[in-house]
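Listed here are the chains, written in short residue letters.
Protein chains: 2
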Amino acid sequence: MQGYILPLEKLIEQFERLPGIGHKTAVRLAFSILEGSEEEAQAFAQALLDAKQKIVRCKICQNISDAEICSVCSDPKRDRTMICVVEDSKAVMALERVKEYTGLYHVLHGALSPMDGIGPDQLTIRELIARLTDGEVREILLATNPNIEGETTAVYLSKLMKPLGVRVSRLAYGVPVGGDIDYADEVTLFRAIEGRRDL
Amino acid sequence: MQGYILPLEKLIEQFERLPGIGHKTAVRLAFSILEGSEEEAQAFAQALLDAKQKIVRCKICQNISDAEICSVCSDPKRDRTMICVVEDSKAVMALERVKEYTGLYHVLHGALSPMDGIGPDQLTIRELIARLTDGEVREILLATNPNIEGETTAVYLSKLMKPLGVRVSRLAYGVPVGGDIDYADEVTLFRAIEGRRDL
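Residue numbers (the working numbering), protein chains in the order written: chain A, 1 to 199; chain B, 1001 to 1199.
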């Protein structure tokens, strides 16, 4: 026996391609498939195919959706005067869990990063600008990630959109609720002091 | 948006079924599929199906194989007088990496565990006994896992096979090579002292 048999080898390879899955974990996961039933493997395979085939981008907000227009954009109860701009769909989910935000979203699918060759054309910025033409949107809340790329993107978008007459805001920086000040890094603490509010 | 869209939800569920994969990891893995190409998802789905459809049990040793008779059993260079009995295919792979062992294998597909309802009939013990009928096999090396179930299985098999006139041996217990004696547990140390050898 030279290493693994081919179909097993291939399955291990597929698991290894996943982010954060090393060789040993991939072997363990592949064996768990072998130990499961054929129906289970078929259901898994179908779920993979369906995820790629049935999930499209919402024509309005560019978020992933199983319909042309996503459930947020098609919800008449959402506040159409506000758009929260995020880097990816995971951020939309995180914000939806808060339940406080009732506006719409716009998913950029990335952040500006000249080092990685990601400029404005690689993001859905054109689609965002197009949403501002009818004058209904009054505020853009920039919720890109609090890192260099996210910051760069926020500054870029802010310069681009302010001349269009909309209010442009940014998520507040500060110490995380429930966290311990001891563990906050200096930049976060500096931003928290800078953004201090009167009680 | 109530939670995730359905095809994504289903894919997350499939990843969550895998051993050691929690919800957050499952979400991350599912998104990595969405970010990949459709061809990649198809290759993954095909690998899952192939693993279940093309992998069978070797008719002789019961190890997983992509042919009726596995590459070890069909290799004329292997020593047919010795069978190493293991609990699963992963153990065969571990032993094959050593390259010192040139005999055959027998995969039990489990270990005796009355608590979990696993008796002799749930293992491939009948197939093992059948391999001893032609008198070619002279030694059975029991390499079940060094835990209660593995021990119970080894003792059971030993009692069953000794009357058949074969030598029955067991892997040696002791401190792992390269390990630190400080870290060895008491039972292992006790076994290492008990099994000490003259220099």
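To be clear, the hints were calculated from the coordinates, so they are not data collected in a lab. A couple of the hints might just be wrong.
Below, in silico cross-link-like pairs of lysine-lysine (DSS-like), each with a Cα-Cα straight-line distance of 25 Å or less [to be verified]:
#: 1; chain 1: B; residue 1: 1024; chain 2: A; residue 2: 54
#: 2; chain 1: A; residue 1: 10; chain 2: B; residue 2: 1099
#: 3; chain 1: A; residue 1: 10; chain 2: B; residue 2: 1010
#: 4; chain 1: A; residue 1: 59; chain 2: A; residue 2: 77
#: 5; chain 1: A; residue 1: 24; chain 2: B; residue 2: 1054
#: 6; chain 1: B; residue 1: 1077; chain 2: B; residue 2: 1052
#: 7; chain 1: A; residue 1: 90; chain 2: A; residue 2: 59
#: 8; chain 1: A; residue 1: 24; chain 2: A; residue 2: 59
#: 9; chain 1: A; residue 1: 90; chain 2: B; residue 2: 1099
#: 10; chain 1: B; residue 1: 1099; chain 2: B; residue 2: 1077
#: 11; chain 1: A; residue 1: 59; chain 2: B; residue 2: 1059
#: 12; chain 1: B; residue 1: 1052; chain 2: A; residue 2: 10
#: 13; chain 1: A; residue 1: 24; chain 2: B; residue 2: 1052
#: 14; chain 1: A; residue 1: 52; chain 2: A; residue 2: 99
#: 15; chain 1: B; residue 1: 1010; chain 2: A; residue 2: 99
#: 16; chain 1: A; residue 1: 10; chain 2: B; residue 2: 1162
#: 17; chain 1: A; residue 1: 54; chain 2: B; residue 2: 1010
#: 18; chain 1: A; residue 1: 52; chain 2: B; residue 2: 1010
#: 19; chain 1: B; residue 1: 1090; chain 2: B; residue 2: 1054
Structure-based check of each hint:
no.: 1; hint: 1024(B) / 54(A); in the structure: holds, 22 Å
no.: 2; hint: 10(A) / 1099(B); in the structure: holds, 23 Å
no.: 3; hint: 10(A) / 1010(B); in the structure: holds, 23 Å
no.: 4; hint: 59(A) / 77(A); in the structure: holds, 19 Å
no.: 5; hint: 24(A) / 1054(B); in the structure: holds, 22 Å
no.: 6; hint: 1077(B) / 1052(B); in the structure: violated, 29 Å
no.: 7; hint: 90(A) / 59(A); in the structure: holds, 18 Å
no.: 8; hint: 24(A) / 59(A); in the structure: violated, 41 Å
no.: 9; hint: 90(A) / 1099(B); in the structure: violated, 47 Å
no.: 10; hint: 1099(B) / 1077(B); in the structure: holds, 13 Å
no.: 11; hint: 59(A) / 1059(B); in the structure: violated, 55 Å
no.: 12; hint: 1052(B) / 10(A); in the structure: holds, 12 Å
no.: 13; hint: 24(A) / 1052(B); in the structure: holds, 20 Å
no.: 14; hint: 52(A) / 99(A); in the structure: violated, 28 Å
no.: 15; hint: 1010(B) / 99(A); in the structure: holds, 23 Å
no.: 16; hint: 10(A) / 1162(B); in the structure: violated, 41 Å
no.: 17; hint: 54(A) / 1010(B); in the structure: holds, 12 Å
no.: 18; hint: 52(A) / 1010(B); in the structure: holds, 12 Å
no.: 19; hint: 1090(B) / 1054(B); in the structure: holds, 18 Å
Checked against the numbered hints given earlier, this structure breaks hints 6, 8, 9, 11, 14, 16; the rest are met.
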